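If you read the sequences in order, they're chains A and B. Residue numbering for the first sequence follows my numbering, starting at 2 and increasing by one per position. Residue numbering for the second sequence follows my numbering, starting at 1263 and increasing by one per position.
Treat the hints with caution; some may be incorrect.
Once the Cα atoms are required to be at most 30 Å apart in a straight line, the calculated BS3-like pairs of lysine-lysine come out as [stated by the list, open to error]: (1) B/LYS1426 / A/LYS453; (2) B/LYS1393 / A/LYS436; (3) B/LYS1393 / B/LYS1426; (4) A/LYS17 / B/LYS1426; (5) B/LYS1426 / A/LYS735; (6) A/LYS805 / A/LYS453; (7) A/LYS14 / B/LYS1393.
For the record, the hints were derived by calculation from the structure and aren't laboratory data. Computed from a predicted structure; not experimentally measured.
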Amino acid sequence: MQDNLRRDPFPLKTYKHIGERGPRRLDGYHKASGRADYTMDVQLPGMLYMRFLNSPFPHAKIKTMDTREAETFPGVRYVLRYDNPELPERASMGKLTGIYGDPPPLSGIAHFEGEPMGAAVVAVSEEIAEDALELIRVEWEERPFNLDVLTAMEKGAPLSYPEMYPDSNYWNNGLFDEMTQGNVKKGFKQSEKIIEFEFNRRSHTWIGPERPCGVFRWKGDVAEVWVKQQRPHLVKKNLSTWYGGVPMNKIQLHCLYQGASFGGWVQVPWNMGPLYCAGFVSKKTGRPVKYTFTRREDFYGESMDEGVYRFKVGFNMDGTILAVECSSICANQIFPVFNAVNHIRESTRVPHLYGKIFSIWINKGPAVPTRCEQLPATLSLTAVFSRVAAECGLDPVEVALKNDGFEGHGKDRFEKEKKGLGFPAIDSLKECVEKGKAAIDWDDKWHRPGTKTLPNGRMHGMGFTWTNEWDDSLGSAEIAIRIERNDGTASILSMGCDNGVEAENTYCMIAADELGLRLEDVSYNPQLDPGFFRMSPDSSTNLSVNGWAIRHASRILKQRILEAAVAPTAKTQRGSMRPAFPDCKPEDLDIVDSVIVKKADPSEGISVADFVREAGQSGPVTSTESGGFRWAFTEPLFAFSYHVQMGSYNPENPRPHLTRQAHFLEVEVDTDTGEIFVVKTVNVNDVGKAINPMSCEGQQYGGTIMGLSRGKFEEMIYDPVTGVMLNGNLLDYKIATTLDVEGPIDTILVESGMGYGPYGSVGIGEDVGTVMTGLLGPAVFNAIGVWIDDHPITPEKVLKALGKI
Amino acid sequence: MADHEIKPSICPYCKKEFDSIDAMKQHVFKAHRGSDPPSPEGDIRLNINGNDYYLSVEPRWTLYDVIHDRLGLTGSKQFCDRGACGSCTVIMDGKAVLSCMILAIECDGKAIETVEGIAEKNHPLIESYVKHHAMQCGYCTPGFVTTSKALLDRNIHPTENEIKEELSGNLCRCGTYPQHTIAVLETAEKLRTGKADGAEKAQGDG
Chain A
2 MQDNLRRDPF
12 PLKTYKHIGE
22 RGPRRLDGYH
32 KASGRADYTM
42 DVQLPGMLYM
52 RFLNSPFPHA
62 KIKTMDTREA
72 ETFPGVRYVL
82 RYDNPELPER
92 ASMGKLTGIY
102 GDPPPLSGIA
112 HFEGEPMGAA
122 VVAVSEEIAE
132 DALELIRVEW
142 EERPFNLDVL
152 TAMEKGAPLS
162 YPEMYPDSNY
172 WNNGLFDEMT
182 QGNVKKGFKQ
192 SEKIIEFEFN
202 RRSHTWIGPE
212 RPCGVFRWKG
222 DVAEVWVKQQ
232 RPHLVKKNLS
242 TWYGGVPMNK
252 IQLHCLYQGA
262 SFGGWVQVPW
272 NMGPLYCAGF
282 VSKKTGRPVK
292 YTFTRREDFY
302 GESMDEGVYR
312 FKVGFNMDGT
322 ILAVECSSIC
332 ANQIFPVFNA
342 VNHIRESTRV
352 PHLYGKIFSI
362 WINKGPAVPT
372 RCEQLPATLS
382 LTAVFSRVAA
392 ECGLDPVEVA
402 LKNDGFEGHG
412 KDRFEKEKKG
422 LGFPAIDSLK
432 ECVEKGKAAI
442 DWDDKWHRPG
452 TKTLPNGRMH
462 GMGFTWTNEW
472 DDSLGSAEIA
482 IRIERNDGTA
492 SILSMGCDNG
502 VEAENTYCMI
512 AADELGLRLE
522 DVSYNPQLDP
532 GFFRMSPDSS
542 TNLSVNGWAI
552 RHASRILKQR
562 ILEAAVAPTA
572 KTQRGSMRPA
582 FPDCKPEDLD
592 IVDSVIVKKA
602 DPSEGISVAD
612 FVREAGQSGP
622 VTSTESGGFR
632 WAFTEPLFAF
642 SYHVQMGSYN
652 PENPRPHLTR
662 QAHFLEVEVD
672 TDTGEIFVVK
682 TVNVNDVGKA
692 INPMSCEGQQ
702 YGGTIMGLSR
712 GKFEEMIYDP
722 VTGVMLNGNL
732 LDYKIATTLD
742 VEGPIDTILV
752 ESGMGYGPYG
762 SVGIGEDVGT
772 VMTGLLGPAV
782 FNAIGVWIDD
792 HPITPEKVLK
802 ALGKI
Chain B
1263 MADHEIKPSI
1273 CPYCKKEFDS
1283 IDAMKQHVFK
1293 AHRGSDPPSP
1303 EGDIRLNING
1313 NDYYLSVEPR
1323 WTLYDVIHDR
1333 LGLTGSKQFC
1343 DRGACGSCTV
1353 IMDGKAVLSC
1363 MILAIECDGK
1373 AIETVEGIAE
1383 KNHPLIESYV
1393 KHHAMQCGYC
1403 TPGFVTTSKA
1413 LLDRNIHPTE
1423 NEIKEELSGN
1433 LCRCGTYPQH
1443 TIAVLETAEK
1453 LRTGKADGAE
1463 KAQGDG
């Protein structure tokens, strides 16, 4: 087990593929040519299609349900009712269900409008299933509902989830999370100035391009399942408890390419319920069953930052922040780990902090980590720092540098901490901001708020924010590598969700460099189920856990190959043959470009392919021995390893976050229309070590576009009278297009080597999309000189802020 | 005549009626030997990626349903459900169209190109897309490829703004937009300079 809390003590001496730009994407041709298969594309002989009834009310219970007409509709093969006596009351559904309690696979009570519940129709086509759903007659018991956290908090408000929370709409009947550092009262007393402000973030969601879906086929007692799931290992775990128990070794998963869900769908506590229903009906009908959600049903839950955030901040006029107090009231948050002042605690020297979160149940879908759960904390850091800079009349970059640190400690202690862990004294934030400022020409372009009108009549604004890099959370992975017969190529074995972050190539790069193989000789198909599972992009980590497991496995495997190279080959009952390198010890050898060579004389070597030899006619290893002739062959060359990471976001965080990110935004605001034009963006991320730089950059520009899309447009709108979501489709719920982030996005990577991951890396996937979500606020303020505290910042809100409407 | 009784057999080529199937078969053998297969009445003909398909379709099936579900050309994807995302884009008679917004019966006789056809022809767009990471989860990628191909078919000198404008109907949630512009500009350059021929064959590692 690698102690990865400190600086990597065993780095590679040289890198060949690690850090290289431009290795061909493993998934590239599949995806560009339309050959990439997704669960949505799966069609099996005799397959049936399952669709769900949706609640027309935001809070209602089924009193009676008549499904007879649907059952006899031509083409319908099964109607599964919530009150089917064979359905269990509750079933294990996933990691987060502890908070809700294990839910029923199919509920008879709806807690938000559009909730898939009550009945599932299974038919020979999706269209017939849809038509048959219309024939189900339900008598509903309509219940009062809440759509807004503030009114749901009031005394006498109707209960949103009375089954789980019979006393009030407060999570746990009280405070959801509370965090104290120092003493805020003392901090406010010491402060030269105190400000108070509040902002709102409206509900938004993940928009997974591939809709939630799954296919279930029973082959006798073997369950074969295709899943759209970021955490396939959890499907297997839960499925093994369903239907009276299915042995783990009789579950065969397929996790095809995944049309992304940014953490959202997988975190919905009962996301496996439809799969349970599909398996249930597959058993009843003897046919494969595919369930699909509609696009509207994918608007099923929301990101966990919807809410109201109230701040009191004390600071000195030189930009030193002394105390931050925050009370946030969030909607339907499902786990209590992320206080809104969390990033201020993790990334700054601000000594006095107090944060509390109330999670209030309202009749909308569950609010789950959606790239990602750090949204409340990063929105807050951006708001606090940009407010303080504005109040002091200072450059916000200066205020950031002044307050950089960790858990209330300043620069000196921070440097001491880094040194103690074996790292050089690198000032990650300083490096990030210097590079970013130069790229966006900050010193020339930044100005006092509301002071610059451009020749085109628009107001010009500059925004800046920063925080730590957090993608090295706790997690675990089991990964194996096998050298194939015949050609000596290496296959990485471990199932995970490939949702496009190009992680698989990154793992191949690590394995190639560690094993001494050519990159084209290493491949990885994470869609197969070999019984090993890795971190998929989830739980805020991927590379920083899996990378270690790959590296361990590669080093073990390399040693095994070199040991085999000096050991007798072709061992059978008749004896053995001479070693490939009879006069060497393993340490005399190395592997370079897929060739086993003598270190002393690299020209003497044998390729890994020639070493492992071809498969035999009779079995995978050798053909019959006859006439004195025998094949040379090696033992199977296979190694596995695992890694368990006690990284950040462990309950007892083992070390401070050491790496930083900084983002710069240039906007123009049309004061006649309220439109915001993004002229230029610069993302700077200290990723520790950029193993696959193009993949990192993909998360930078991709995250910028997603983040700005949320900041500009995204909000689910509900009718306050009926509780019905009005824009649950992609025409009315806008996400950014090619035309909506107008200017270039410069991506800069800093490599300080201070992450938890192998070679000092830290992941990047969640960071930019999350941090950029709030950056429009300070940029628009810098342009128009008025704060808009209601996100998303739509043209209407800009015009209101300007007093034009 | 009761429904279950066999009706006189009709020659699918010349519509002549016969008393029995065997008599009709004899006639076809003699009179129409060597002819192309007849188009069954009520079927539609789609020419997809250069191949003719004769299909019996339900009136409500969309072109997407036929291409994706019936013909198994699963490169066309459905991201939204109402012509808002561009993922189901195919090229019909030279124009990029949304296959989920067109009824299949309206497409009788049309020539259609899907992403699979573009890849089979080793169009340089494919390699440019791979090289520049113009994809992440990849679900929307085929729609971008088909839309870009339609643009390049009619304009080999697109500007950056023209490309952005053309692709503005294609949604990508992973935010890969900047790479599409780079990939399409590079492809246009390859097509102009002829570098796409021979040396720039797409590697069909699928």
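Structure-based check of each hint:
1. With a CA separation close to 29 Å, the supplied pair B/LYS1426 and A/LYS453 stays within the 30 Å bound.
2. About 27 Å separates the Cα atoms of B/LYS1393 and A/LYS436, which keeps this hinted pair within 30 Å; it holds.
3. Restraint check for B/LYS1393 and B/LYS1426: the C-alpha separation of about 19 Å stays at or below 30 Å, so the hint holds.
4. A threshold of 30 Å between alpha carbons decides the hint, and for A/LYS17 with B/LYS1426 the separation of about 36 Å lies outside it, so the pair is violated.
5. A distance of roughly 17 Å separates the Cα atoms of B/LYS1426 and A/LYS735; the hinted pair therefore holds under the 30 Å criterion.
6. For the proposed pair A/LYS805 and A/LYS453, the alpha carbon gap of about 19 Å is at most 30 Å, so the pair holds.
7. This hinted pair checks out: A/LYS14 and B/LYS1393 have alpha carbons roughly 29 Å apart, not beyond 30 Å.
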